[in-house]
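Produce the entire structure from the sequences given, and follow the hints as far as they go.
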Amino acid sequence: MIVKALYIVLSVALVTVWGLTLTGIVRKIVARVHGRIGPPVWQPFVDIIKNNAKRTGISHGVMFYLGPVFRIAGGMGTFLFIPVLFGSDMFSNFSFAGDVFLVMYFIFFGQLGMALGSGEGGHPYSAIAVARGLAQMSAFEVPFALSVISLAVQYDTFSVSSIVAAQQGSIFSWTMFTNPLATIAAIIAMLGMNMHSPFDVVIAPQEIPIGPPTEYQGSFLGMLHTNRGIFNGAKLILFMNLYFGGATTIPEMIVKTFCIYMISVFVGVSFPRFRTDQSIRFFLGIPTLIGVAAVILYWL
Amino acid sequence: MVSPVYLLVVTIAAVFLVPLADRIGRSYGMSVFYAAIAAAAGLGLFWFLSLRGGAPAQNVFIAGFTGPYAIQLQLGIAESFVIVLVNTVFLLASIVLGGALIKEKAYALTLMLLMLTGINGLVLSRDLFNMFVFMELLSISTYALVAMPRNGQAFSAGFKYMIAGGLASTFFLIGTAFVYRTAGTLHLDYLLRSPELLHGGVGFAALFLVIAALLIELKPFPANGWALDVYQAGHPGVVSIITTAGTGAVLFVLYKLLPLMSVRMLQVLGGAGIVTFVFSNLVAIKQENPGRLLGYSSISQTGLVIAGMVFLRLFGIREIAVYAAVAGGLFLNHLFVKGLMFWLSERVGPRPIREWGVLAGKPLLLFLFGLAVVALSGLPPFPGFWAKWEFLKLLAANGYYPVLGFILAGSLIEVFYLFRWLGYAAVKEDHDTISPAPAVTLPMVAAAILLLAASVFFSGSLSVREPLLRLIPAAGILFYLLEPLPGRVKTVLALAASGSAAVIVLPGLSGLHLVFGIMLLGGSLVQMIAGLGSGGRRRGIYPGMVMMVYSFAGLLVTETALGFFFAWEMMTLASYLLILRGSRSARTPLLYMIFSTGGAFLILAGLITALPAGSLSSAGLGDLVFSGGTAFYLIIAGFLVKAGVVGVHLWLPGFYSEADHDVSPILSSALSKAAVAGLFIFMSLANGTVPGSDMFSVILGWIGGLTAFFGTLMAIYQEDAKRLLAFSSMGQMGYIILAASLMSTIGWTAAIYIAVTHLLFKGIMFLSVGGVVSRLNTTNMYEMGGMIKRMPLSFMTFLIGLIALSGVPPLTGFGGKWLLYSALVGKGWYMLTALALFSSAVAFLYCYRIIHSVFLGQLKTGFRAVKEASVWYLIPQFIFVMLIMIFSMVPRLLIEPISAAVGKLAGPDLLWQGNTVSHALGYWNGTTVMMVTMGVFMVPLVWLLSRVRSIQKVKQFNIVYAAERPDRPETTHYAHNFFAHYTKALGFLSLPLVRRFWEGAGEWISSIAAALRHLYSGNGQTYALQVMLYITVLYLFMR
Amino acid sequence: MEQINELKARYSISDSRDQRPDLGFITVDPGRLAALLAELQQVRGYTHLSFITAVDYPETGTFQLTYMVHNFESAHSLGVRTVISRDTALMESVHHLWKQAKTYQRELKEMYGIDFPGSPGVDDPFILEGWQGPPPMRRDFDTRAYSEKTYFPRPGRKTSDPRRHMQSRLYPDYTPFEEET
Amino acid sequence: MHNKETLPNLGLPEHERDLFCDARPRVSKPLASYIEKFLNWSRANSLWILAYGTGCGAIELRPLFTARFDISRYGMAPRPTPRQASLLMIGGYLSVKTLKRVIRSYEQMQNPKFVIGLGSCTVNGGMYWDSYNTINRLDHYLPVDVYITGCMPRPEAIIAGFEQLKKRIKDGRAEGANQYAEQFDWYKANQKKIITDWNMPDYNW
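Residue numbers (the numbering used here), protein chains in the order written: chain A, 1 to 300; chain B, 10001 to 11039; chain C, 20001 to 20181; chain D, 30001 to 30205.
If you are wondering where the hints come from, they were derived from the structure by calculation, not from laboratory data. Bear in mind that the values here come from a model prediction, so they are computed numbers and not experimental data. Please note that a few of the clues may not be correct.
Said to hold, decoys possible - Using 30 Å as the maximum straight-line C-alpha spacing, the simulated DSS-like pairs for lysine-lysine come out as follows:
1) B:Lys10953 with D:Lys30097
2) D:Lys30192 with C:Lys20158
3) C:Lys20149 with D:Lys30097
4) B:Lys10256 with D:Lys30193
5) C:Lys20008 with C:Lys20102
6) D:Lys30097 with C:Lys20099
7) C:Lys20158 with D:Lys30188
8) A:Lys256 with A:Lys4
9) D:Lys30037 with A:Lys28
10) D:Lys30029 with C:Lys20149
11) C:Lys20158 with D:Lys30037
12) A:Lys28 with D:Lys30167
13) C:Lys20149 with D:Lys30188
14) B:Lys10362 with B:Lys10103
15) D:Lys30097 with C:Lys20102
16) B:Lys10953 with D:Lys30188
17) D:Lys30170 with A:Lys28
18) C:Lys20149 with D:Lys30192
19) B:Lys10953 with D:Lys30192
20) D:Lys30037 with D:Lys30193
21) D:Lys30097 with C:Lys20158
22) D:Lys30193 with B:Lys10953
23) B:Lys10953 with D:Lys30037
The following block contains the structure:
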């Protein structure tokens, strides 16, 4: 019991540090591509410290107060239901508590709580942003769901651990190679999930200042930023497990998640922004068809 | 035994006595008049009772001859039955007419008495010529009485009536002559003894003319234009006699002639009856005048009675009890109801049906009217219901499915216009009032009581043995009588009544029945507590509510098909009453009634088709035979209509949302489960015996999936909080149907699991919103906002409900989703899995929309002082919240009993290991998930709490507003047209195509009705021509 | 210009001149202005009101108002001028001819204190929120004194004429013309 | 919540007072010096800017984000909402009307918060010094940490100003928020002297 608790602490610490560092690295890389020097890699940590070091704060009420708590609980929970390293007891987390559907639905836990919290803030921009975010979410969920169903058909299981186990062996037993269509559909869905450009109308900073967290500051914001690291890490690890053969060691995990993240960064810096209705139509178009094809391919 | 002659003697003697007594004084004349009629009715009753007691039938020969030349009167059980009915109604109608008669001279009284003599004579006499004489007596007195109002319209109507009546008499007389010429006798008994006498061309022609004449007297469609003006122009009292007693006598003559007819004749005659039934109902749709509408309705009922007895004869049935059950039941129903309705129209006065809102302020009259409408529509517990059931059962047993279909279609049309009318009456629009008139009200009450007594009689003689079923209407009436009590007292009484039903019923149930019993009864009971939160008298809620709960119990307890259908129809009726009271428009209850009745008719058709061969008495549910498939599919289709699947969901949003705030939760959370219960009861009955069930489950699955999707999609566009929740219920029903269609252990477990959790969270959400709405007096979400500040408890429960609804772990909703997807993927329905996943993602949209628009965002200026919802609204919510939390902590508590109740079906079972549930593909440990969630929730919370000292609590306008300050809360709250971009992207999916389709269908039917109306030109000559043509066509068919 | 000549007599136009082929000015009595503008708009095709502006002449105690109207067909702009007394500072509103006139009139009310009775919202603040001093665009309003009194001037501020300052920075040897004379 | 003393909010009509928080701003004492030193380091290295482009200065801020000047290397980033920003950049002259918005934005930022006045106009009114509608000295209305003079200052000058500010922060001298809370009445009096239609609470939380 205590050992497990220690493992969990270790695991969460690992994903927090790596998730935030990854954000820092990516910022640095993007800056270099722009020809800038860019912020230091540890900048996300400084930001979090700074935010928590705010001496005052405001709260609009209990739900507002709990919003970031929900958010970070959602992030940590999502992470804790995913096995991080294949075959490692230390980093298996609570993956015995549920399968891939649990993870898919737990993702919503934090988003829902955050949406509620920002809703109590009473700011119209928060509500607008949540409306956009939910609309977009419902759309990218379709290719992702199809992709996961295709995996379930392919591997005959919902269990993330089993899916990872089935991909062991050579690099060519990764889902990426055995089921490329599902992988493509999921990667496109991931672009929406990560809310990078072209799907960042949710937080459109110039138009609806930063979206849902418009009213959040100080410790709340620090918590949201921490969650960004955890949640990003969790999502990347999930994708790594489902499509890229999982990882057996921490360095492998780091390399793989980095590469997966770079996909959405690459797309993000290359494309302008979609309007909400455009992104809904986009996700329900080609990506969905790819997902359908992936399912049908394994159905037959 | 008193000789039947005295029946005629009494009235004829009175014909002479009345003028004499009238000389002495008006009141003496009237007294003699009423005494004579009362005596006649009393004689009828006496005979009926003694004949039932076993006394032999009497044959009396008068006029000094013995048969075949004598005047023969026969008094058997059938005759006495008709005599007692027609005389009673005649008596009641005369009381209604009292006011009009007293202004006339004595001859009006004598005419009335002559009319009664004619009627009684027709019933009693056994030879054709006497029948002719009595018919003439009836006709002539009718012409005169019709013209009694002495205006142009009445004269013209009477004249048209006379032309056609004259034609009919002529044909009858010619036919009688031919019969005499061919057979040498006019005595029915002789003719029956040697039917060969009427064989051959002349014999046929003779019989044809007689039958055609009788048919014309019964005003068959379309040769009935001549009669219809009478309904509009005549005094309602007189008209009620014509259409009940007069028609009854002629119908009885037809009944007496039935054994003479050939199969061909019977078929054509039955067809004529059905055509009359269907098309008269169709034309009635377009009627605005109550008299005329009732006229069409009477004619259609007459058609149905004709069809009833003719088909029975055609099926070779000789037992008089069956005729009594079918034709007698239909006739009795028609008799009292039409009497009641015509008298009511006298009471309301010359108003088109749209203005019958004057009844809304008169509980007794409205009750009587509602009773009449319900009875006439063939709903239980009235005789029409039992009679129709028997009739349709016989039709199905003999393979007359098209006829069955026509009757159901006609009945549906009938339900439409009758309930539309009831809707007009129930919605108070003008403040006109009608003066009291006990002389009219008393007969109506009497008729209603007689009708109810007859209902008891019929239900007793026919097969509904479970006492609980009889309690359903009894409870309704009891609570109607308790109406004057204060609302809270009635709530407590209703709780007690429903609670005792639950206590009595539940221990006797097992398996799925028990699960649904707990859901339906327990769910309703808990939510009924909310009723204590509303003050006032709350008229009209509890009769429906208690009836509904008892119907739930009945549905689960009953073991017979008839019992099931009875309970089902009672439930429909009860819920109709509930929505009628709460609804703002007449449209919603009407739509509900149409679709519910349509669904019920599908179930009815399926049930009687599935009845095992040769079961005249009622068959058990277990005996139903589904091997043909059709019956099963019809039943399932019926339940799907009731569940409101996409395509037939038109009634759903209004129905779930427009009732009172404490009633809507029950309708949406519990009543919706009745359809599910029915679905499961019949699917488990039929499991494995239905051919082609693979295809069936695929189709059912897609219906469920599309319902889930479209229900959800439409929910996100609603501006009305309750409508949003209603569409959400539609979506959840879709999941349930989808899961049920899988026909696997996990699938059914999922379906029932979702049903249970839906009951819980939808109950919470509706009650919470109901509590809010009852404080704010608006259901528009954009007018609300910020209620978390004023109603934190309601918010809390709503939030729990919402998390459960959305399927986010750790609450119960996730279990349903997990089971559903597991079962779907296990079955290999991948596209449906994706559709379900998409729907559940879209569900987040409306979830957020409602909680944000109502509880979060900006508190509006006008609502700054509202209080937390009533504690009575909160108690049921907290009970449900407790249940949700328990089931979330230990899902095993819920899933295991359900899967035990489901039993073993196709597909893998669920395996348990501690709190982990697993199947071949996946696994889930709800308890661990809950623990982990609480753990990860606590850590950041503790950190934030350590910082709480530095946090300033601010108010709603302390927001960053682009360096401005918000102007008003109303303009700062983002709530209207919340998902505009969704409309832009996927709006084409939510176009009201279904509504347009049904409106188109309605339009189409209505234009047919309008076209048919052109038959009625108002010209006497045309009508005469129509009669001639009708007879010609009839001849061509019968030949 | 024939058009103007036609109008001249009827509206007692006191002065008219063509600045450019597509731009002319006429001056009219304040009392006849609205009628003239109505005819220009409805009969003469000057359908567009470009702006209304005022010039303050404290010397003569008058405001000169200019209503610039434009004819899209002939691409001709016409400035209709009128002179009103500075003391009463009252003018007839033309918002019934052009809705947007109310905005210009509101501005003139705020900046010059010229009232247009009946013009919708003419008393609402236009760009100055809660201004309580005299109308700031009147030439007899001393903004510097007002500023010094109101806005905490920072002591020690040195002010130099930008032109001379730049001349001395860039061309130290240059002697300005006016100083020569 | 700790400060029992409330503001009268007389500028608001009666029915609107309940819509705004009426608490006074409060002084937040710095923590123990070694912790505060660390925290100040983080504050100095994570300056999030709320750029209020009140005047021509706004145009000079744009180049800061380009590859040539790149202030992101100092951990600085623009932030669209005052709630999350710690540095308010006043980009030029302030009319009375703009000042009102600036005050509101400043008050909506959370302690610690810093102000940089950009250009001569914020120092002494600049070329608008005698205008009837432009303030002369920003520090009479808000506590200014650093003034960057010039008309307009070049990006290099602005970066130098940032360095100055970071130094002040690290030295623990950038306590403008506390100063504002301490001398709240003085600031408020100055503000209300020129902003006559005060239709907001006395302190915009």
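Going through the hints against the structure:
Of the pairs offered as hints, the one joining B:Lys10953 and D:Lys30097 holds, with about 28 Å between alpha carbons and a cut-off of 30 Å not exceeded. With a C-alpha separation of about 28 Å, the suggested pairing of D:Lys30192 with C:Lys20158 holds against the 30 Å cut-off. For the proposed pair C:Lys20149 and D:Lys30097, the alpha carbon gap of about 18 Å is at most 30 Å, so the pair holds. Of the pairs offered as hints, the one joining B:Lys10256 and D:Lys30193 is violated, with about 107 Å between alpha carbons and a cut-off of 30 Å exceeded.
The hinted pair formed by C:Lys20008 and C:Lys20102 meets the criterion: a straight-line CA distance of about 27 Å does not exceed 30 Å. For the hint pairing D:Lys30097 with C:Lys20099, the CA-to-CA distance comes to about 27 Å; that is within 30 Å, so the pair holds. Distance restraint check for C:Lys20158 and D:Lys30188: the Cα-Cα separation of roughly 29 Å lies within the 30 Å cut-off, and the hinted pair is therefore satisfied. With a C-alpha separation of about 26 Å, the suggested pair A:Lys256 and A:Lys4 falls inside the 30 Å cut-off, and the hint holds.
About 27 Å separates the Cα atoms of D:Lys30037 and A:Lys28, which keeps this hinted pair within 30 Å; it holds. Distance check on the hinted pair: D:Lys30029 and C:Lys20149 sit about 37 Å apart at the alpha-carbon level, beyond 30 Å; violated. In summary, the hint linking C:Lys20158 to D:Lys30037 is not supported, as the alpha carbons are separated by about 40 Å, beyond the 30 Å threshold. Proposed proximity of A:Lys28 and D:Lys30167 is supported: the alpha carbons are some 25 Å apart, at most 30 Å.
Between C:Lys20149 and D:Lys30188 the CA atoms are separated by roughly 18 Å; this keeps the pair inside 30 Å, and the hint holds. With a C-alpha separation of about 28 Å, the suggested pairing of B:Lys10362 with B:Lys10103 holds against the 30 Å cut-off. For a cut-off of 30 Å, the pair hint linking D:Lys30097 to C:Lys20102 stands: about 22 Å separates their Cα positions. A hinted pair counts as satisfied when its Cα atoms are at most 30 Å apart, and B:Lys10953 with D:Lys30188 qualifies at roughly 22 Å.
Note on D:Lys30170 and A:Lys28: the hinted pairing holds, with a Cα-Cα distance of about 25 Å set against a maximum of 30 Å. At roughly 15 Å between alpha-carbon atoms, C:Lys20149 and D:Lys30192 fall within 30 Å of each other, so this suggested pair holds. For the proposed pair B:Lys10953 and D:Lys30192, the alpha carbon gap of about 25 Å is at most 30 Å, so the pair holds. Between D:Lys30037 and D:Lys30193 the CA atoms are separated by roughly 38 Å; this puts the pair beyond 30 Å, and the hint is violated.
A distance of roughly 26 Å separates the Cα atoms of D:Lys30097 and C:Lys20158; the hinted pair therefore holds under the 30 Å criterion. Distance restraint check for D:Lys30193 and B:Lys10953: the Cα-Cα separation of roughly 29 Å lies within the 30 Å cut-off, and the hinted pair is therefore satisfied. This hinted pair checks out: B:Lys10953 and D:Lys30037 have alpha carbons roughly 29 Å apart, not beyond 30 Å.
In summary, the structure is inconsistent with hints 4, 10, 11, 20 from the numbered list given earlier, while agreeing with the others.
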